[in-house]
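S.K.: Take the sequence shown: its letter number 139 is residue 139 in the UniProt record's numbering, and every next letter is one higher.
Since the hints were derived computationally from the structure, they do not count as laboratory data.
Incorrect hints may have been included.
Stated by the list, open to error - EDC-like mimics (lysine to aspartate or glutamate), calculated; alpha carbons at most 20 Å apart, straight line:
id: 1; residue 1: K151; residue 2: E118
id: 2; residue 1: K142; residue 2: D166
id: 3; residue 1: K144; residue 2: E157
id: 4; residue 1: K114; residue 2: D95
id: 5; residue 1: K205; residue 2: E38
id: 6; residue 1: K132; residue 2: E122
id: 7; residue 1: K137; residue 2: D95
id: 8; residue 1: K142; residue 2: D95
id: 9; residue 1: K114; residue 2: D96
id: 10; residue 1: K84; residue 2: D51
id: 11; residue 1: K137; residue 2: E159
id: 12; residue 1: K114; residue 2: E45
id: 13; residue 1: K132; residue 2: D51
id: 14; residue 1: K15; residue 2: E38
id: 15; residue 1: K15; residue 2: D96
id: 16; residue 1: K142; residue 2: E159
id: 17; residue 1: K171; residue 2: E159
id: 18; residue 1: K15; residue 2: E80
id: 19; residue 1: K137; residue 2: E185
id: 20; residue 1: K144; residue 2: E185
id: 21; residue 1: K142; residue 2: E119
id: 22; residue 1: K114; residue 2: E80
id: 23; residue 1: K205; residue 2: E119
id: 24; residue 1: K205; residue 2: E120
id: 25; residue 1: K151; residue 2: E140
id: 26; residue 1: K205; residue 2: E185
id: 27; residue 1: K137; residue 2: E119
id: 28; residue 1: K114; residue 2: D166
id: 29; residue 1: K84; residue 2: E140
id: 30; residue 1: K171; residue 2: E118
id: 31; residue 1: K137; residue 2: E118
id: 32; residue 1: K15; residue 2: E122
id: 33; residue 1: K137; residue 2: D166
id: 34; residue 1: K171; residue 2: E157
id: 35; residue 1: K144; residue 2: E159
id: 36; residue 1: K15; residue 2: D35
id: 37; residue 1: K137; residue 2: E120
id: 38; residue 1: K84; residue 2: E120
id: 39; residue 1: K142; residue 2: E185
id: 40; residue 1: K137; residue 2: E157
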Amino acid sequence: MNSIVILEDHPVMRKGLAAWFAGTGHWQVLGIAADLAEARDLFSEMAALPDILLLDIQLSPHDGKTEDAMGLDLIPWVRERFGKTPPVVVYTQFDDYAHANAALGFGVRGYVCKYRNEEELEAVLHAVLQGKVSIDKAVEPKLKNAAETQKLLTHREAEILRHLRDGQSNKRIASALGISPRTVENLLSRIYYKTGIASRSDLQKI
């Protein structure tokens, strides 16, 4: 029997997932958490790590907090405490490049969109337990396209694109890179030309 810990802010989803996994007869739910504080408390009481950590990327404000948190922030905390992390699978509503790329940057092994059913989710978990990396089919092409785009860009253009994905204005990008706003505009024009993308919002998605 494989063990799992679930970090999910939505109460119905959290309880539903826990009940489904427990009902399969081959998953042991070691604990569920609604936010980072609960998850840290849960792991603090564990002598050993679960086989899988299932988490949502974006956690809504909880217990009077006013800002969203990132479920991914649990990963470095667990690594620091235990010296390693269990395989992590993200289960999220976001199917865009930016969130998926951020998750992969944290070393997650699986990425599943919430419009997939439990059986599809479980298939990803089993693939991850076998040492594979499994990315949702809605997200994988976006990651591939972004990788191809990066090959077209110079180092400076790639820096501009990275800051653009973070939602920064031209002025902030210029300040961060130590260049003029005019230079940022020129570099953006080159990025638009190379990628064939016409709008700033679409560029942020690649």
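S.K.: Hint by hint, note whether the structure agrees.
M.R.: Each hint tested on the structure:
no., hint, in the structure
1, K151 <-> E118, "violated (36 Å)"
2, K142 <-> D166, "holds (17 Å)"
3, K144 <-> E157, "holds (18 Å)"
4, K114 <-> D95, "holds (9 Å)"
5, K205 <-> E38, "violated (32 Å)"
6, K132 <-> E122, "holds (14 Å)"
7, K137 <-> D95, "holds (9 Å)"
8, K142 <-> D95, "holds (9 Å)"
9, K114 <-> D96, "holds (13 Å)"
10, K84 <-> D51, "holds (12 Å)"
11, K137 <-> E159, "violated (27 Å)"
12, K114 <-> E45, "violated (29 Å)"
13, K132 <-> D51, "holds (14 Å)"
14, K15 <-> E38, "holds (15 Å)"
15, K15 <-> D96, "violated (26 Å)"
16, K142 <-> E159, "holds (19 Å)"
17, K171 <-> E159, "holds (14 Å)"
18, K15 <-> E80, "violated (28 Å)"
19, K137 <-> E185, "violated (34 Å)"
20, K144 <-> E185, "violated (26 Å)"
21, K142 <-> E119, "violated (24 Å)"
22, K114 <-> E80, "violated (29 Å)"
23, K205 <-> E119, "violated (29 Å)"
24, K205 <-> E120, "violated (25 Å)"
25, K151 <-> E140, "holds (17 Å)"
26, K205 <-> E185, "holds (19 Å)"
27, K137 <-> E119, "holds (15 Å)"
28, K114 <-> D166, "violated (23 Å)"
29, K84 <-> E140, "violated (26 Å)"
30, K171 <-> E118, "violated (45 Å)"
31, K137 <-> E118, "holds (16 Å)"
32, K15 <-> E122, "holds (16 Å)"
33, K137 <-> D166, "violated (24 Å)"
34, K171 <-> E157, "holds (16 Å)"
35, K144 <-> E159, "holds (18 Å)"
36, K15 <-> D35, "holds (14 Å)"
37, K137 <-> E120, "holds (11 Å)"
38, K84 <-> E120, "violated (27 Å)"
39, K142 <-> E185, "violated (25 Å)"
40, K137 <-> E157, "violated (28 Å)"
Going through the hint list in order, the structure does not satisfy hints 1, 5, 11, 12, 15, 18, 19, 20, 21, 22, 23, 24, 28, 29, 30, 33, 38, 39 and 40.
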